[in-house]
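Participant: Could you fit the two chains together into a complex? Lean on the hints.
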Amino acid sequence: MKRSTLKKTVVLLGLGLYSMGILSSCSTQSSHAETAAKTDDAIPKELPTVEAELTDAPKVPAPITRSHAAKVVVRLEVTEVVKKMADGVDYTFWTFGGSVPGKFIRIRQNDEVEFHLMNHPDSKNPHNIDLHAVTGPGGGAASTFTAPGHETVFKFKALNPGLYVYHCATAPVGMHIANGMYGLILVEPEEGLPKVDKEYYVMQGDFYTKGDFGAPGLQPFDMQKALDENPSYVVFNGSVGALTGDNALTAKVGETVRLFVGNGGPNLISSFHVIGEIFDKVYDEGGSTAIENIQTTLVPAGGTAITEFKADVPGNYVLVDHSIFRAFNKGALGMLKVEGTEDKKIYSGQIVQKIYQPEGSTVQEMPSAGAPKAAIASSKDMRLELGKTLYAQNCQACHQAEGQGIKGAFPPLAKSDYLNADVDRAIGVVAHGLEGQIKVNGELYNSTMPKLKLSDEEIANVMTFVMNNWSNKGGEVTPDQVKKAKDNYKH
Amino acid sequence: MLYRLIVLLLLMGISFKAQAQKPLPQDMVLVKGGAFVPLYGGDSAAVKVKSFALDAYPVTNAQYLRFVKENPQWRKSAVKKLFADANYLRGWNGDLSIGAAADQLQNSPVVSVSWFAAKAYCACQGKRLATVEEWEYAALASETKANAANDEKFYQRSIEWYSQPNPTYLPPVQQSFRNYYGLYGMIGLVWEWTQDFNSSLLIGESRANASLDRQLFCGSGSSGAKDTKNYVAFMRYAFRSSLKANYTVSNLGFRCAQSL
Chain A
1 MKRSTLKKTV VLLGLGLYSM GILSSCSTQS SHAETAAKTD DAIPKELPTV EAELTDAPKV
61 PAPITRSHAA KVVVRLEVTE VVKKMADGVD YTFWTFGGSV PGKFIRIRQN DEVEFHLMNH
121 PDSKNPHNID LHAVTGPGGG AASTFTAPGH ETVFKFKALN PGLYVYHCAT APVGMHIANG
181 MYGLILVEPE EGLPKVDKEY YVMQGDFYTK GDFGAPGLQP FDMQKALDEN PSYVVFNGSV
241 GALTGDNALT AKVGETVRLF VGNGGPNLIS SFHVIGEIFD KVYDEGGSTA IENIQTTLVP
301 AGGTAITEFK ADVPGNYVLV DHSIFRAFNK GALGMLKVEG TEDKKIYSGQ IVQKIYQPEG
361 STVQEMPSAG APKAAIASSK DMRLELGKTL YAQNCQACHQ AEGQGIKGAF PPLAKSDYLN
421 ADVDRAIGVV AHGLEGQIKV NGELYNSTMP KLKLSDEEIA NVMTFVMNNW SNKGGEVTPD
481 QVKKAKDNYK H
Chain B
1 MLYRLIVLLL LMGISFKAQA QKPLPQDMVL VKGGAFVPLY GGDSAAVKVK SFALDAYPVT
61 NAQYLRFVKE NPQWRKSAVK KLFADANYLR GWNGDLSIGA AADQLQNSPV VSVSWFAAKA
121 YCACQGKRLA TVEEWEYAAL ASETKANAAN DEKFYQRSIE WYSQPNPTYL PPVQQSFRNY
181 YGLYGMIGLV WEWTQDFNSS LLIGESRANA SLDRQLFCGS GSSGAKDTKN YVAFMRYAFR
241 SSLKANYTVS NLGFRCAQSL
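Residue numbers (our numbering), protein chains in the order written: chain A, 1 to 491; chain B, 1 to 260.
So here's chain B without its partners, still in its complex pose (with noise of 0.2 Å):
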């Protein structure tokens, strides 16, 4: 009878602890959760997200510095291959310096990194990657609404940045678009990491994973889609299944979520 009480208060202590409002981490947005439908979304079935808490700006060149200073085994000359492959950090010209354009560039998003290099910086920060369903729900956001899914000016605007060369320099991050929930550059400033980059064609329900012929190519690459006219969407799945966990990309950066 007293272990059971023990166990309930323990449990109810859980439940208060788990409902008190922590204060957000600095420059961290709160997403509130909600549902909906992925571009492979089995059979349309809505997904639902929890509220969870995302950086407010994509991880700078600074801040990266900062990290490869405390964590020697992530600097250039020391990571291992199996980790982040050649071309890691290509931009910076040394193990702690961002490169020749280091003050235009030491506030914009840190590219060239690799998914377990982003998963470290994250987890040394208490924090994780998004998974795919968490950032796309949160770039679903235009500046003024939560979901703009289907205003074509704001998927205009997203086509045409995917479809542009990337610029010489990377803007800083506080000087790319904020959407709705106080995110900066989700749309228009790099690619970025997710936590599940790659099982986009995995997921769901079994008959979908026994095909895992779904590759996006050709024909079966849109088969699966719920909406074939999303391209934006296309793209960005398109990009994450085309990469592996120790690549980096010139224009691939990524920002750390945190569960509430």
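Chain A with its partners taken away, still in its complex shape (with noise of 0.2 Å):
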């Protein structure tokens, strides 16, 4: 009977404190949620109270090491930012924490979350925010709704593990999120993520511009390209090269290396690729369940995935979306950079490259279809210029430049004893080719050489241009020269 008594009194207080909240608080939002906070301190077991960490991508809060749910407050601004979004252009972004994607949240599953929106006051746009790691209206936009100096607070509990996007969903709802306004949040497992080594922050976008892909300058956002879904930049992280260069993220040989990925749209889904590697796990479209040995994944428009692999050979890892114009055209490249021991096992580099001859070893025709026709030379110094593009063009890959060959495989051009003996045997070796064991310079040579398509006057600029350089004996080779010297030197 007492106990009821003061159960009811408990009640009455309470509804009498709630009531005079509502009367004495049109202020702002903010006192609402005071009034809130102050009637769930009547529930006996208080959470402990932690402030959230928040990151720019690509970096990630560290894990999460409690063993307990709390209650974490996490503080949101939402600004307007002209910012770059590849060299030379610049667009206005509306970012969630002041650049795209948002600011990394990470919680517990069961943590209750104490969610703060704060509109900066300089921004043009009232913005709410829609966190797909929330069960309730509208994922927090009905609550969130805030306009520019306001700050709107609500709380959730967060139910389902798993990476979430995040977005603003304020009318006109594709254009704020076209304009950067997207970001995730994880919600770790009560028993956590296993261990890896790195974890990193990539998240695509679309970007509509007035101007074409790399038109300079600050460019308005274009209504008509997003509504065709035709967009002039899909990029990670919000511009062009945010993860390449400087930007690139790094890892070590034997490392594990956790990527989670988001997609924030608007309208594109992803063919998430990392070139190179095989994605040893992905938690595809950002849930618990781990299917494994994956090479692309899709990541929906507002969906992500968690992609683990080990990074096992050094190198430049491509991250790419795989619907491949984006990623070489409008923007969608990333880099991972490997260092460490290579492990020739796992990855060789490149062992031979040699010719390839389909018909056998026998001499080739170059293709000469379409190909312009050759200058004639009026003087010993312009057959020299021309000889140099030809020799640029047919005889540098294996010559080498200052035309000193390849050890074992090229003979050298340069003070060469079997070029200088016998220019004229020369000349047939470049209009015939040649095939079978030579000694230049002391050496011994047994390779092919294929019969170069050129007429004789370009024959004639090219080894006047050998004869001439690289201490060789000079002298000038004429097309009446080159035309004897082949029927003389024939196979």
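By construction, these hints were calculated from the structure, which means they are not laboratory data. Where hints are given, some of them may not hold.
Claimed, not checked - In silico contact screen, one side only, chain A against chain B (beta carbon under 8 Å); selected entries: (1) P172; (2) M175; (3) P220; (4) F221; (5) M223; (6) P314; (7) G315; (8) Y418; (9) A421; (10) H432.
Using N, Cα and C, we set each Cβ at its ideal position, and we do this for glycine too.
Facilitator: Written out as structure tokens, the structure reads:
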């Protein structure tokens, strides 16, 4: 009896407090939240309060070591900023936390999150947030519609573990997302994720600018391109080059790398692939079950994937959307640099590079279709100049830039005893090709030089160039000499 | 009989008075009435807007300074929290000071004022705030056309402004875009308060009113719209819907209207 009276009094008191709160707090939403927090105080077992660590891509907050749920306070600020889209190209990004993608949020299953959304006073537009990790109307959007210079607060309990996208859902929704308003929130399962050596945050997005890819200046949003789902840019982490060069991801040989991959869209589905790696595990669509040995994984717009692989051999591994024109023409490229010692068993590197001759080792004709007519030299100087170009195009790949050749494979032309001993023989070699063993400057060479489809004029020019360089004996080779030499030195 | 005659005469007098062309107050322009289909038009029914007068310019800092001099209750330090939030006149550095850049900003629109403040200002001038419908109707105009809703160039220019961050200093009102009616800065300067700023989702017929869930997020925001491609209008409706009457925002100003 006494107990129930006490209960009633508490309830009445609570109601009183609550209504007082409503009456006196027309000012801001946050005062409502304070009221809500007070009523929560009545719950006997209070969770410890933790301020969430938020990171910018590609960084990820440290794994959660807690073995219990907590009240996690997340403070996310919306700003509208002009930033780089590509070299020389700027765009007005609308951001969760100052850059695209938004801050990475990491919480644990069953955590109770107190979410603060602040819209910077200098913002032009109202914004809200829909977190796919939230169970409830609008994923939070219904409770976070925030005018510039204001703050809203709501709470949710993270019921389901997984990697989730969050995004702005203010009308016009498409435009808010197209301007970069998305990010990832990871809800770790209670037992945590398996330990790995490196974790990174990679999020794809498509952008619609008035100018085409690379058109310089501050580019406005293009409504029609967005409707047509025809982006000018498809990028990882908000800009072309955000994950290449000095910004490349890094790992060491032997380390296990986990990529938290998201796709903000607004339109495109990503075929996420890392060139030269096979994902040992993919938690596809960011869920709880891992599939194994995956080459390319689909990441839906507004969806995620967690990919894991061990870096076995060193090198540069390129992250792409394997809808490949997006990668090479619209910016969807990233890079992971793996350093360490090589393992030739797993990957040998190039062992052989040689001429491929489908018909066996007979002499080949170089294709000549559509080749422009050669210029006719009127002087030795002109012959030298034209010969230089011909040499670079036809000879340099094997005999090298300074005529030094490659020992054991391609004989030298510089200070070459074989060449200088008989120029006409050398002309014959160029005209007809050469097979079999020869000795040049004391070294034995036994390989094949293909017949080069060059005109007499061209052979004269390239031979003149060779004879007048690299300490060879000089002189001028004329087309007439070539014509005679060709006949005299047939195989 | 005599009584009836008096009533008739009185009524005639009133209608004569209404028909007589009063000269417009200074710096106001006539927006000739007409019909248009607003973004949230119920069953896409055209809405009739009566002719009305609208301030040619948004209210400036200098004009607002004069207002607070005469009305101390609207000064920064005196205003009731119920009527304006903590950022009221955020850029001003005192009750009667526009701030460090006063010379530059006196003819720029006053911003960071609440709906209550804007309403009080207009009332003091014998005016009122425009309704959403009046404002949207007047904002349809480009430089040359009263209704430029289908003018792609005009639309693209509008959306570009709505996508840009605020400038450090708002330009003087006279320098902004002048439309068909002679209204300055309807697009490209600041957002503006309207009388019924957040009622856009409550107007219309009773079936629509019954569903108060039509907030401007996700799909439900666009399901009631007549033209889902009109992002410019979406942004204005979205902005207004995010407001409460005591809110102040650093790119939200106002201008006053008058019935004819």
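Participant: If a hint holds in the structure, say so; if it does not, say that too.
Facilitator: Verification of the supplied hints:
For P172(A), the interface hint holds, the least distance from its beta-carbon to any beta-carbon of chain B being 4 Å, beneath 8 Å. Hint status for M175(A) relative to chain B: holds, with the closest Cβ pair at about 6 Å, below 8 Å. Nearest Cβ of chain B to the Cβ of P220(A): about 4 Å, under the 8 Å cut. The hint holds. Annotation: F221(A) was flagged as interfacial toward chain B, and the flag holds, the nearest CB pair being 5 Å apart, inside 8 Å.
Contact between M223(A) and chain B, as hinted, is supported at the beta carbon level, the nearest pair being about 6 Å apart and thus within 8 Å. The beta carbon of P314(A) comes no nearer than 44 Å to any beta carbon in chain B, farther than 8 Å, and the hint placing it at the interface is violated. For G315(A), the interface hint is violated, since its Cβ never comes within 8 Å of a Cβ in chain B; the closest pair sits about 41 Å apart. At about 70 Å, the closest approach between the beta carbon of Y418(A) and any beta carbon in chain B exceeds 8 Å, and the interface hint on this residue is violated.
Against a cut-off of 8 Å between C-beta atoms, the interface hint on A421(A) is violated, since the closest Cβ of chain B lies about 75 Å away. Taking 8 Å as the C-beta cut-off, the interface hint given for H432(A) is violated, the closest approach to chain B being about 66 Å.
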